[in-house]
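Asker: Next come the chains, spelled out residue by residue.
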Amino acid sequence: AQKITQTQPGMFVQEKEAVTLDCTYDTSDPSYGLFWYKQPSSGEMIFLIYQGSYDQQNATEGRYSLNFQKARKSANLVISASQLGDSAMYFCAMRYTSGTYKYIFGTGTRLKVLA
Amino acid sequence: DGGITQSPKYLFRKEGQNVTLSCEQNLNHDAMYWYRQDPGQGLRLIYYSQIVNDFQKGDIAEGYSVSREKKESFPLTVTSAQKNPTAFYLCASRPGGLWSGSYNEQFFGPGTRLTVL
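So the protein sequences, as listed, match chains A and B.
According to our numbering, the stretch in the first sequence is residues 23 to 137, in order.
According to our numbering, the stretch in the second sequence is residues 17 to 133, in order.
Do not take every clue at face value.
As the list claims (entries may be wrong) - In silico DSBU-like links for lysine-lysine, alpha-carbon gap of 35 angstroms or less:
#: 1; chain 1: A; residue 1: 134; chain 2: B; residue 2: 25
#: 2; chain 1: A; residue 1: 92; chain 2: B; residue 2: 99
#: 3; chain 1: B; residue 1: 99; chain 2: A; residue 2: 134
#: 4; chain 1: A; residue 1: 124; chain 2: A; residue 2: 134
#: 5; chain 1: A; residue 1: 38; chain 2: A; residue 2: 134
#: 6; chain 1: A; residue 1: 134; chain 2: A; residue 2: 95
#: 7; chain 1: A; residue 1: 25; chain 2: A; residue 2: 134
#: 8; chain 1: A; residue 1: 25; chain 2: A; residue 2: 38
#: 9; chain 1: A; residue 1: 92; chain 2: B; residue 2: 30
#: 10; chain 1: B; residue 1: 73; chain 2: B; residue 2: 86
#: 11; chain 1: A; residue 1: 92; chain 2: A; residue 2: 124
#: 12; chain 1: A; residue 1: 95; chain 2: A; residue 2: 124
#: 13; chain 1: B; residue 1: 87; chain 2: B; residue 2: 99
#: 14; chain 1: A; residue 1: 124; chain 2: B; residue 2: 25
#: 15; chain 1: B; residue 1: 30; chain 2: A; residue 2: 124
#: 16; chain 1: B; residue 1: 25; chain 2: B; residue 2: 73
#: 17; chain 1: B; residue 1: 30; chain 2: A; residue 2: 95
#: 18; chain 1: A; residue 1: 124; chain 2: B; residue 2: 73
#: 19; chain 1: A; residue 1: 95; chain 2: A; residue 2: 25
#: 20; chain 1: B; residue 1: 30; chain 2: B; residue 2: 73
#: 21; chain 1: A; residue 1: 25; chain 2: A; residue 2: 124
#: 22; chain 1: B; residue 1: 86; chain 2: B; residue 2: 25
#: 23; chain 1: A; residue 1: 25; chain 2: B; residue 2: 25
#: 24; chain 1: B; residue 1: 30; chain 2: B; residue 2: 99
#: 25; chain 1: A; residue 1: 134; chain 2: B; residue 2: 86
#: 26; chain 1: A; residue 1: 134; chain 2: A; residue 2: 92
#: 27; chain 1: B; residue 1: 87; chain 2: B; residue 2: 73
#: 28; chain 1: B; residue 1: 30; chain 2: B; residue 2: 86
#: 29; chain 1: A; residue 1: 38; chain 2: A; residue 2: 95
#: 30; chain 1: B; residue 1: 30; chain 2: B; residue 2: 87
#: 31; chain 1: B; residue 1: 99; chain 2: B; residue 2: 73
#: 32; chain 1: B; residue 1: 25; chain 2: B; residue 2: 99
#: 33; chain 1: B; residue 1: 87; chain 2: B; residue 2: 25
#: 34; chain 1: A; residue 1: 38; chain 2: B; residue 2: 30
#: 35; chain 1: A; residue 1: 25; chain 2: B; residue 2: 86
#: 36; chain 1: B; residue 1: 99; chain 2: B; residue 2: 86
#: 37; chain 1: B; residue 1: 25; chain 2: A; residue 2: 92
#: 38; chain 1: A; residue 1: 95; chain 2: B; residue 2: 86
#: 39; chain 1: A; residue 1: 38; chain 2: A; residue 2: 92
#: 40; chain 1: A; residue 1: 134; chain 2: B; residue 2: 87
Hints in this document: simulated from the structure, not taken from any laboratory.
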């Protein structure tokens, strides 16, 4: 069975510092994708970054990078130079194949950036 | 602009009533999904559809029904059989096929917050 685990219910970080949000996953599917989404208080889900299971290099998108450790089945999100606008819920998700592409989400980490 | 619209943003329902949540996309995506989000929890899959006139149950389909008569529309009905329907509902879509696009990213609508009175 597929599983996504986010063990940090809440995190604080000082403005301009870096922060790492943890995500571990479990799947027997050799082909999968890992996503991070940001959900501000408005409720919309904003796509941040993607890592494919066969990608050799860690994904980066601006201030976001994904620390992909396949053997450990972890896909941690690193946000560099935190900004006040980064305060939100962050969800790790995995795409797996079950007839079609399906997605499973973690329980989220609430990040608060302090001025 | 292409995107996904959900209406209404807030919805109130009396116990015992059915209610339908709208989801429309103009992205020409084949696959569409409905998720439920409860406070402090992640998203849970209710129903999904790969193509028109086809849909499959997700992990928590009981008390819900859907239709997919048009490619751009995937309405969700919350029936009176759903015992605890108060939640935030998110609709998503993605380009079709198993192998289309390297990302296979889901695009989300703004959500509908349903409250049962």
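Asker: Against each hint, give a clear statement of whether it holds in the structure.
Answerer: Now for the hints, and whether the structure bears them out:
no.: 1; hint: A/134 - B/25; verdict: 26 angstroms, holds
no.: 2; hint: A/92 - B/99; verdict: 40 angstroms, violated
no.: 3; hint: B/99 - A/134; verdict: 34 angstroms, holds
no.: 4; hint: A/124 - A/134; verdict: 30 angstroms, holds
no.: 5; hint: A/38 - A/134; verdict: 12 angstroms, holds
no.: 6; hint: A/134 - A/95; verdict: 26 angstroms, holds
no.: 7; hint: A/25 - A/134; verdict: 26 angstroms, holds
no.: 8; hint: A/25 - A/38; verdict: 32 angstroms, holds
no.: 9; hint: A/92 - B/30; verdict: 48 angstroms, violated
no.: 10; hint: B/73 - B/86; verdict: 18 angstroms, holds
no.: 11; hint: A/92 - A/124; verdict: 20 angstroms, holds
no.: 12; hint: A/95 - A/124; verdict: 19 angstroms, holds
no.: 13; hint: B/87 - B/99; verdict: 30 angstroms, holds
no.: 14; hint: A/124 - B/25; verdict: 25 angstroms, holds
no.: 15; hint: B/30 - A/124; verdict: 32 angstroms, holds
no.: 16; hint: B/25 - B/73; verdict: 24 angstroms, holds
no.: 17; hint: B/30 - A/95; verdict: 45 angstroms, violated
no.: 18; hint: A/124 - B/73; verdict: 12 angstroms, holds
no.: 19; hint: A/95 - A/25; verdict: 11 angstroms, holds
no.: 20; hint: B/30 - B/73; verdict: 25 angstroms, holds
no.: 21; hint: A/25 - A/124; verdict: 12 angstroms, holds
no.: 22; hint: B/86 - B/25; verdict: 22 angstroms, holds
no.: 23; hint: A/25 - B/25; verdict: 30 angstroms, holds
no.: 24; hint: B/30 - B/99; verdict: 12 angstroms, holds
no.: 25; hint: A/134 - B/86; verdict: 41 angstroms, violated
no.: 26; hint: A/134 - A/92; verdict: 28 angstroms, holds
no.: 27; hint: B/87 - B/73; verdict: 18 angstroms, holds
no.: 28; hint: B/30 - B/86; verdict: 29 angstroms, holds
no.: 29; hint: A/38 - A/95; verdict: 29 angstroms, holds
no.: 30; hint: B/30 - B/87; verdict: 31 angstroms, holds
no.: 31; hint: B/99 - B/73; verdict: 18 angstroms, holds
no.: 32; hint: B/25 - B/99; verdict: 21 angstroms, holds
no.: 33; hint: B/87 - B/25; verdict: 22 angstroms, holds
no.: 34; hint: A/38 - B/30; verdict: 47 angstroms, violated
no.: 35; hint: A/25 - B/86; verdict: 32 angstroms, holds
no.: 36; hint: B/99 - B/86; verdict: 29 angstroms, holds
no.: 37; hint: B/25 - A/92; verdict: 39 angstroms, violated
no.: 38; hint: A/95 - B/86; verdict: 39 angstroms, violated
no.: 39; hint: A/38 - A/92; verdict: 29 angstroms, holds
no.: 40; hint: A/134 - B/87; verdict: 39 angstroms, violated
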